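Asker: Here the protein sequences come in this chain order: A and B.
Residue numbering for the first sequence is 321 to 430, as defined by the numbering used here.
Residue numbering for the second sequence is 321 to 430, as defined by the numbering used here.
Hints were generated in silico from the structure; no laboratory data involved.
Since we're looking at a predicted model, the values are computed, not measured.
Every residue gets a Cβ at the ideal spot worked out from N, C-alpha and C, and that includes glycine.
Hints may contain errors.
Here are the simulated DSSO-like pairs of lysine-lysine, each with C-alpha atoms no more than 30 Å apart in a straight line [to be verified]: (1) B:K352 to B:K384; (2) B:K384 to A:K384; (3) A:K384 to A:K352; (4) A:K352 to B:K352; (5) B:K384 to A:K352.
Here are a few chain B residues that face chain A, going by a calculated C-beta distance under 10 Å [said to hold, decoys possible]: (6) I370; (7) Q379; (8) Y381; (9) R387; (10) I398.
Here are the chains, one letter per residue:
Protein chains: 2
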Amino acid sequence: MNKIQTTVAVTLLSLIPGMALSAGNATEGYNKSTLCHACHGATGMSTQAIYPKLGGQQQDYLSKTLRDFRDGDRQNAIMNGFSANLSDADIEDIAAWYASQQGLTEIKDK
Amino acid sequence: MNKIQTTVAVTLLSLIPGMALSAGNATEGYNKSTLCHACHGATGMSTQAIYPKLGGQQQDYLSKTLRDFRDGDRQNAIMNGFSANLSDADIEDIAAWYASQQGLTEIKDK
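Let's have the full structure, built from the sequences with the hints guiding it.
Answerer: Below, the structure is given as structure tokens:
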């Protein structure tokens, strides 16, 4: 995708309320995130205080974090291992899934 | 605070519904978090995709993250600088403030 195509695509996406501008397919991300569910929950509502909630988090922050873990720019024994074999597309999809969730809302409403 | 006092305090706090078990004073944390507001928002609703939302995040995760940045266990030029002079108490207070917020709920409800 060249710059003009990217600009057009981003502009079109920005017209859809509530839709994230970043790449990634949330449904694919759900399927690819099963390893994440044990600690972070299927919808990003971690139940352990030391594991961050991911539901509704900024998509770009999520994808950067996963890339940093995968590439060794951020050190964590668990996350470095789980992210080691993720492709850029996998990361974008997983980030799209968790960013699309309303995990924190669900908890707060209970 | 010795171990018995801590146990008693945690037990009492656990009787108050919705109140976090971790240490830290949220009101103090608000006052101490003014430097954080530019990027993360006063209630933890960052508006920039690259800055993580903090509102409603796990308190223990927030305090660990700030300690890691302060102590150099996690590298980020901005966060290492901002956290350099925080005491453990400052960190617990700031974590308590952001954990007590419902930033993601506010955004999702709009």
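Asker: Quick one, are B:K384 and A:K384 close enough, alpha carbons at most 30 Å?
Answerer: Distance of about 19 Å is within 30 Å: holds.
Asker: Minimum Cβ distance from B:I370 to chain A below 10 Å?
Answerer: holds, 5 Å
Asker: Would the stated hint for B:I398 survive a check requiring a Cβ distance to chain A of less than 10 Å?
Answerer: violated, 13 Å
Asker: Have a go at the B:R387 hint: is there a Cβ in chain A nearer than 10 Å to its own Cβ?
Answerer: violated, 12 Å
Asker: Could you grab the alpha-carbon distance between B:K352 and B:K384 and see if it respects the 30 Å cut-off?
Answerer: holds, 17 Å
Asker: Given B:Q379 was flagged as interface, is its beta-carbon under 10 Å from a beta-carbon of chain A?
Answerer: This hint holds: B:Q379 lies near chain A, its Cβ roughly 7 Å from the closest one there, short of 10 Å.
Asker: For a C-alpha distance cap of 30 Å, please report whether A:K384 and A:K352 respect it.
Answerer: holds, 17 Å
Asker: A closest beta-carbon separation below 10 Å is what the hint needs, so does B:Y381 meet it against chain A?
Answerer: Where the cut-off is 10 Å and the nearest Cβ of chain A is about 5 Å from B:Y381, the hint holds.
Asker: A:K352 and B:K352: Cα distance at most 30 Å?
Answerer: violated, 39 Å
Asker: Would the pair B:K384 and A:K352 pass a check requiring their Cα atoms to be no farther apart than 30 Å?
Answerer: OK: B:K384 and A:K352 at ~28 Å, within 30 Å.
In this structure, the earlier hints numbered 4, 9 and 10 are contradicted, and the remaining ones agree with it.
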